[in-house]
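Peer 1: Letter by letter, the chains look like this.
There are 2 protein chains.
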Amino acid sequence: MKYLAAAALATAAIMTGAAAQPPADKPATAVAAAQAWKGEHGAKMLQGFMDLLSLPNDANDADNIRRNADYIGALFAERGFEMELLESEEAPPLIYGLRETPGATRTIAIYVHYDGQPTEPAEWTHPPFDPRLYSRAMSEGGEEIAFPKDGDAINEDWRIYARSASDDKAPIPALLAAIDALDEAGIGFTSNIKLVFDGEEEAGSDYLDDYLGEHPDKFADVDLWLFCDGPTHQSGRPQLVFGVRGVTGLEVTVYGPNRGLHSGHYGNWAPGPGWRLAQLLASMKDEKGRVLIKDFYTSAAPISKAERAAIAAMPDTDGKLRETFGLAETEMNNAPLGERLLLPALNLKGLKSAEIGALSRNVIPPTATASIGLRLVKGNDPEEMLTLVEKHIERQGYHIVREDPDAEIRTRYPLIAKVRRSGGYPAMRSDMEDARVAPLISALKEAADDGLILNPSLGGSLPLYMFESVSDAPIVILPIANYDNNQHSADENIRLGNLFYGVDAYAAVLTMAAD
Amino acid sequence: MKYLAAAALATAAIMTGAAAQPPADKPATAVAAAQAWKGEHGAKMLQGFMDLLSLPNDANDADNIRRNADYIGALFAERGFEMELLESEEAPPLIYGLRETPGATRTIAIYVHYDGQPTEPAEWTHPPFDPRLYSRAMSEGGEEIAFPKDGDAINEDWRIYARSASDDKAPIPALLAAIDALDEAGIGFTSNIKLVFDGEEEAGSDYLDDYLGEHPDKFADVDLWLFCDGPTHQSGRPQLVFGVRGVTGLEVTVYGPNRGLHSGHYGNWAPGPGWRLAQLLASMKDEKGRVLIKDFYTSAAPISKAERAAIAAMPDTDGKLRETFGLAETEMNNAPLGERLLLPALNLKGLKSAEIGALSRNVIPPTATASIGLRLVKGNDPEEMLTLVEKHIERQGYHIVREDPDAEIRTRYPLIAKVRRSGGYPAMRSDMEDARVAPLISALKEAADDGLILNPSLGGSLPLYMFESVSDAPIVILPIANYDNNQHSADENIRLGNLFYGVDAYAAVLTMAAD
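So the protein sequences, as listed, match chains A and B.
If you number the first sequence the way the working numbering does, the last residue is 722 and the count never jumps.
If you number the second sequence the way the working numbering does, the last residue is 722 and the count never jumps.
Quick caveat, the hints were computed from the structure, so don't treat them as lab data.
Treat the hints loosely; a few may be bogus.
Just so you know, same-sequence chains aren't split out, so a pair can sit in one copy or run between any two.
Below, computed lysine-lysine pairings styled on DSS-like, alpha-carbon distance capped at 27 Å [unchecked claim]: (1) Lys598 <-> Lys512; (2) Lys598 <-> Lys495; (3) Lys425 <-> Lys495; (4) Lys625 <-> Lys527; (5) Lys251 <-> Lys501.
Whenever a hint applies, use it, and build me the whole structure from the sequences.
Peer 2: Right under this line is the structure:
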């Protein structure tokens, strides 16, 4: 309980009801206070984070995940939050908390997830729940160093290695530090702050929707959702993100003979399923990357002027990414990544028919299968998009089935495709010009040294659509982790410069202008 | 050594120099003699075959394969053959034998392979080298029965189960029986008979070419090669086959990013290798099965009038095969299988890119690979055919490499294909109207009750081209095994009706007209 001393101060500050700064420059003052606080208490903050990272947090490890929830709940309770664990027998607890601010007319909800990806300790340099400090990234020659003492200077390139150091425990010490810094400096918040800490995000957040639905009163009054997860921009600059893509997919199997046939005895006579699959797939996407499925792009929300301007203002890392990934050219004649992410994507995740290489045999295989993933944008309904793909398959002459065809079906239809739809969920994209977001942007610019990137959408998917159903508040993503954090892999880490940016960012959030 | 009694008779017959029948009806007489012999000695013949089948015959099992060679050599030596084992340290012995016929001006070489496919005993109903007799096929409800005694009636539907019962020891007892029947009846041969028994066919016959090349004097005088292997026609009728297809292949890998990329972060931007592979493959073959590669059909020898007539005369099993294999339609609007096999084939043996099903991940994979097999016909040079495929790939805009591309190559060429050629060999197709084959056809019709099918080519591949280089003799294939013999699988078997047909067929061969 390393935060106890600070917490005592904080409680004192709350009691005095500090809200004395003129609203307009409050975030700047708050960021200055946060920086001063870090200079004094940085070492203690790291120690506290180490304690939190020592708690194993696989969502399937019920005992340990509860230890995390209790521990985190106590940390915020000590800082004036009314804490509650929402419970279910089917999922880890959802940590809920509220700290009301006298006079505030706005409620900001902060989402974090406190569970982490399962670990394979054998792949780690150190055990995943035995956090270590390094002088820089291991991959850049960093070496393990001792923890700093109070008042020691802390280098921004140092890294902490542990599971969830970035994804997604990092926001917790950063938010705690921001609260302590403001409380200690007597700078009052400008909003009511709600905490919504998910305990099974890495396991799919299957129960999150139920938690939200079971407690509508707790979430209906939220005016702004702050989703604290993910990495900063590839350029290294901080970003505020307004959307995520949705996701769905399907698996398509096409058929040749009902058993593997000798490619000599029947080659040139029995149709090969691999050729059929190739022809079907080639009909779906052209060589430049344009999807040829009818209406595939029709339901996508248009890219707004603000979004287009934001993309134009983003650092152009496309050329560097192409070099890094060994690509001479990207889709649609090197169209900008930022724009491409605002369109639905058709991805070929996997292909399989019989065997290749040493296992390959002289056979006409019975089947060929493609695993196809869709990334969706605002406006795309997952089921409707899958239906467009199925209709396209039918237009190529295929009879669609849901199970492997029997003899009767096989001899009736020359072209048969088994289609299995996966689940999925829609995209979420908030209006970049929403008035409720404007003060957040202004505030974060104070924390980001004017380097803040406004990003219309991540390419990846998160089920943020869930939060759209509980209130009409805009939802934005505020990542703090470094891009190269080894998320989901061994030797996950956070760069201290990023963790410290988080303290400033939350100090700005807590004090953003009231309108 | 169950053949000893018959062998003694045979030797006596040779000594008397029997060749008294008028040449024209000799095969008919010989077949009648063979049938009479089977009625008397059928049980003994089966016992002898059992002994041969008890010898394990994996080409890689050096001791046992030599036991087979010695055992078989002795059987023919007892019947007046001058036997020799051609030796190499690198391969099983090639069994060579010659029985000269007084006055004969023609030499027929009979090829058989005495090795068998490796076995997995756990998959067999009985151990593979513990031969058993069944009342009919196991798959048709057959039951194990006791071996017949001398003079017992033998049912044509009985089956012997053991490795190599069909492939390819069956010709050995059939040929021995034919020799014994003729010798016993005092019917002289009309040709010199050479034996060429391969001991490593199932292991690739890698050394056969060397054996042939090292002993040119032994093979230069051959006037007709009789290749005794394979099954009779799918219709169940006996066949004489004039060719085989050649075989070669290549593996093509196309590239996306140099590592798996998150399909959300980069989907719609980074090119997916699966799409590229699909587009490339779709450019090679149309939906009806026509290969679109330039000049793919150009070098194929035209189908002769005789071949076309032979195909037209073959039983039409296409519809039944389509039903059996669950195909509503076959390539080129149900074009006849027999004709299709006289064209080169482009087969897609396997496809792979990342994973499908439960293992599938949201990734843009780095590579996609197709394993492509070619079946070749007379006129096709394996290397030249592969070159045509490569040129086609280049025409689609690909830069061809032989190893995975490095960073420099990757960033220079948008489309890169790694092509790995496999080995292979050309087709062989003898002229159906060759005068040297005409008496064979006439003779076999006596054994086949006029049911003989003349088949221009098997669809499968055998390296018969090797025999073309040692003499200019026509090469024909005379199969005796039942089509459903479980070749290369567990519970390999031969139907006794087929084994007994073999006796008649060889009796006809040994007495075919001299011109």
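Peer 1: All hints are to be evaluated individually against the structure, with a verdict given for each.
Peer 2: Structure-based check of each hint:
For the identical chains of this complex, Lys598 and Lys512 are neighbours neither inside a copy (33 Å) nor across copies (47 Å), given an alpha-carbon limit of 27 Å. Within a single copy, Lys598 and Lys495 get their C-alpha atoms as close as 22 Å, and across copies as close as 22 Å, so both meet the 27 Å cut-off. In this homomeric assembly, Lys425 and Lys495 never come within 27 Å of each other (Cα to Cα): the closest approach is 48 Å inside a single copy and 62 Å across copies. In the homo-oligomer, the alpha carbons of Lys625 and Lys527 lie at most 27 Å apart only across protomers (25 Å), although the nearest pairing inside one protomer, at 40 Å, exceeds that limit.
Taking identical chains as interchangeable, the C-alpha atoms of Lys251 and Lys501 are never at most 27 Å apart, the minima being 59 Å within one chain and 73 Å between chains.
The structure fails hints 1, 3, 5 (numbered hints given earlier, in ascending order).
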